[in-house]
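Protein chains: 2
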Amino acid sequence: MLSNDLTDMLQIDYPIIQAPMAGGITTPELVSSVSEQGALGSIGAGYMTPKSLHQHIRDVRKRTSNPFSVNVFVPNEFNVSIEEVERVANHLRSISKSLGVKGNGRSLPTPASMKRNFEEQIHVILEEKVPICSFTFGVPAKEVVAKLKKENVILMGTATTVNEAILLENKGMDMIIIQGSEAGGHRGHFLAEREQSMIGLISLIPQVADRVTVPVIAAGGIMDARGLVAARYLGASAVQMGTAFLTCAESGAHPTHKEAILYANEDHIVLTNAFSGKWARGIKNTFIDDMKDYTSILPFPVQNTLTSAIRKASADQHNPAYMSLWTGQSPRLATDLSAARFIQQLVQEVKDITR
Amino acid sequence: MLSNDLTDMLQIDYPIIQAPMAGGITTPELVSSVSEQGALGSIGAGYMTPKSLHQHIRDVRKRTSNPFSVNVFVPNEFNVSIEEVERVANHLRSISKSLGVKGNGRSLPTPASMKRNFEEQIHVILEEKVPICSFTFGVPAKEVVAKLKKENVILMGTATTVNEAILLENKGMDMIIIQGSEAGGHRGHFLAEREQSMIGLISLIPQVADRVTVPVIAAGGIMDARGLVAARYLGASAVQMGTAFLTCAESGAHPTHKEAILYANEDHIVLTNAFSGKWARGIKNTFIDDMKDYTSILPFPVQNTLTSAIRKASADQHNPAYMSLWTGQSPRLATDLSAARFIQQLVQEVKDITR
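Just so you know, the sequences run in chain order H and B.
Position 261 of the first sequence, counting from 1, maps to 261 under this note's numbering, and the rest follow consecutively.
Position 255 of the second sequence, counting from 1, maps to 255 under this note's numbering, and the rest follow consecutively.
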């Protein structure tokens, strides 16, 4: 139950991966503490500059010599006009005003700037000899895969459907993370339409496991030993847990975000693309309600940049109304333990229930 | 793994329930064959007249003396005007014509006629001393619960969220069927909004199991031993399987429907309310595409009645284009075994993987 091909390949004790949540959640304290316990910590580098990624990797290495992973976002093509940006910026202006935000101040991303940042992130991963690299939002370019494989970096791709998983295996991924519809935060579909990508893990795991030969990692809604054991029997070699680690003491999630999850139930959880331009699962709040009928949302990551000052101001004011309060579908199972204690307890419970 | 409080209460050998799929699928052959194997067969009586239900029960009893259940739909209030009905009927006319349908011929249901039919169904269940009765689409009236409990009928309610499960337990249900987002056919939510009711079983089962004291039955996307064992570890006492039995030899599902499932994958599956007025999961076809942007769909069961001649004509012509091809999210796991063989194989696999 607790060891298999995957734990051997990754050189970890337990088939437990802390999800690489982007946006400041995966502090070096969280990542290193997870890896120190024999699970796999992951740096969510999606939005990081190369410099910041360097620093994070070094800070993790100061705290642990165990393996950890870095996650990056495969850059996507997008196209927005100045007029479209102006329209959304205007729409957001009254919210900005009410929060006292003085202009956004951030330059807008372009496909070229995203691609450059991605390539620099890969460069850092190689330079720092990070042992494991995971990808979200698509298939990395052939040259990127080749470069990383040459240095024996273990590669993980993220799929939401059987067909996406098959493609990722064909493109050289050593393991496939399958994201169930239960997952919090951004949806990772890249071939499938959103609706068709919303597959519950109890359906998705066995159907993927039947069709790929590499190890499968199940992500979405798994928060305790019951979920881990279930995922293993369904055909996954490991689980990747996001929300379960987000509320842990070492996580860099804002206290208001942690608290919102600890008090949430299923009636509060929705999918929205209003924060970033990509669909994501989180707790309903004023911003999501305000944007519900707004149809001109811009593609990722432009929308994300346009809302960033609002999200930051809301967080600074400890006001959940305009923050992106990502969560999976199991908030009732959230705890506020330390990551170390959480993993110890989880492992013990797995042993107890499978005895 | 294979026996527990629930199997004791229901007097069955295995914690496997054949889902009560309405609309002619649960033939006496299917129901009796499932019960004969030591699982629980279920008559999907939702759309049945009392007379037809009588006949089904007797036909099942001729074939098995083992327990079986009957499922009924809790009637809902609805209100439609003649004008609204005319508008939809007009919209459907070109489809009817293309299929050669000569008028619908069925009288429209009213809240009063639905309530009367429901009460007569309950009367048949009592008269025939059916041991187990399950409900979909809400909470049955207090008097109905009292009458059935007085005769020791075991009652199962269907929930899609933790709060719905808690309510059903409070209203006297002896067991709770929890329908995950993976499930095929009609969504059973009655308190929650549709979006909030779409919870994957890996999230839903443990959260419900923590909050109710009666046994929990997991339904949705479970098609094999892996799903059954996973559901048990997550906290369910049993599984209810629909699609897995729909494609079995004894099922009354149309051959075109069975074939569509056997060839489907996740890219073909959608939610639609166009067939019946309630949201349901099935395989995308011409009818669903045609109705996609049509916003005047009538409430259940009026819409269902208005589309019935079209669905029937489409089936008579072995044309999948206008049939309701319900399926859960695991079509790749479907088989065309006999129900008896399917259950034997399932039980053996459960023993093998948990040895």
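Keep in mind the hints are simulated off the structure, nothing from the lab.
Note that beta-carbon positions come from the ideal geometry of N, C-alpha and C, so glycine has one too.
Any given hint could be a false lead.
As the list claims (entries may be wrong) - Calculated lysine-lysine pairs in the BS3-like style (CA-CA distance at most 25 Å, straight line):
{"hint": "1", "chain 1": "B", "residue 1": "LYS142", "chain 2": "B", "residue 2": "LYS129"}
{"hint": "2", "chain 1": "H", "residue 1": "LYS97", "chain 2": "H", "residue 2": "LYS284"}
{"hint": "3", "chain 1": "B", "residue 1": "LYS102", "chain 2": "B", "residue 2": "LYS142"}
{"hint": "4", "chain 1": "B", "residue 1": "LYS171", "chain 2": "H", "residue 2": "LYS351"}
{"hint": "5", "chain 1": "H", "residue 1": "LYS150", "chain 2": "H", "residue 2": "LYS129"}
{"hint": "6", "chain 1": "H", "residue 1": "LYS292", "chain 2": "B", "residue 2": "LYS292"}
Claimed, not checked - Stretch by stretch, here's where chain B covers chain H in the computed footprint (C-beta under 8 Å, at least three residues):
{"hint": "7", "stretch": "38-46"}
{"hint": "8", "stretch": "130-141"}
{"hint": "9", "stretch": "203-214"}
Do the hints match the structure? See the list:
| no. | hint | result |
| --- | --- | --- |
| 1 | LYS142/B to LYS129/B | holds, 20 Å |
| 2 | LYS97/H to LYS284/H | holds, 21 Å |
| 3 | LYS102/B to LYS142/B | violated, 42 Å |
| 4 | LYS171/B to LYS351/H | violated, 37 Å |
| 5 | LYS150/H to LYS129/H | holds, 12 Å |
| 6 | LYS292/H to LYS292/B | holds, 20 Å |
| 7 | 38-46 | violated (count 0) |
| 8 | 130-141 | violated (count 0) |
| 9 | 203-214 | holds (count 7) |
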